[in-house]
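Visitor: All letters in the sequence shown, in the order written, are residues 11 to 138 by my numbering.
Hints may contain errors.
[Claimed, not checked] Here are the simulated lysine to any residue pairs, SDA-like style, with alpha carbons at most 25 Å apart:
(1) Lys61 <-> Lys89
(2) Lys122 <-> Phe63
(3) Lys89 <-> Val108
(4) Lys39 <-> Lys89
(5) Lys35 <-> Ile99
(6) Lys39 <-> Ile17
(7) Lys39 <-> Phe72
(8) Lys125 <-> Phe68
(9) Lys39 <-> Thr59
Everything labelled a hint here was simulated from the structure, so no lab data went into it.
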Amino acid sequence: METLTIITYAIYALFVALLTVFVAKLLFKNSQTFMIRIFDNKEDLALATNKLFEVGFFLFGFGIGLWYLAVDDTIASTKILFEVLSVKIGGFTIFMGVMLFGNLFMFFRGLKARKRADETKLATALNN
């Protein structure tokens, strides 16, 4: 029984690590374009900010994943092992999806704010 619990922990921890790294790398590699635009083509500031967001994403993802690691049930069979893993992996996957869409929402809000700032700057220039 103890062996199955350890196997459950190992599989779940590996899944959390792999999914967190995959989503973070994919999201923050592709978000550089958004960040550069949001920061008015100030690439050094945009990339530094993007890197800080990436580190925060890793910390939040790993933190939630580890927080959710505990298994309350006695894992007496492989059937229970898979049932426990399905709940844990499913829950963490949903969490990562929410984080991904939350980040995308923030990027689009930043783009909208940048567009408003550009329009204001243009209107001011035209009025002068």
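Visitor: Compare the structure with each hint and give your call.
Guide: Tested hints:
Distance hint between Lys61 and Lys89 is unfulfilled; the C-alpha atoms sit about 41 Å from each other, more than 25 Å. Of the pairs offered as hints, the one joining Lys122 and Phe63 holds, with about 19 Å between alpha carbons and a cut-off of 25 Å not exceeded. Proximity of Lys89 to Val108 is assessed by CA-CA distance (about 29 Å); at most 25 Å being required, the pair is judged violated. Using a Cα cut-off of 25 Å, the hinted pair Lys39 and Lys89 is violated, with the two alpha carbons roughly 38 Å apart.
In summary, the hint linking Lys35 to Ile99 is supported, as the alpha carbons are separated by about 19 Å, within the 25 Å threshold. Between Lys39 and Ile17 the alpha-carbon distance is near 33 Å, which puts this suggested pair outside the 25 Å criterion. Of the supplied pair hints, the one linking Lys39 and Phe72 holds, its CA atoms being roughly 19 Å apart against a limit of 25 Å. Under the criterion of a C-alpha separation no larger than 25 Å, the hint pairing Lys125 with Phe68 is inconsistent with the structure, at around 29 Å.
Restraint check for Lys39 and Thr59: the C-alpha separation of about 13 Å stays at or below 25 Å, so the hint holds.
Checked against the numbered hints listed earlier, the structure breaks hints 1, 3, 4, 6 and 8; every other hint is satisfied.
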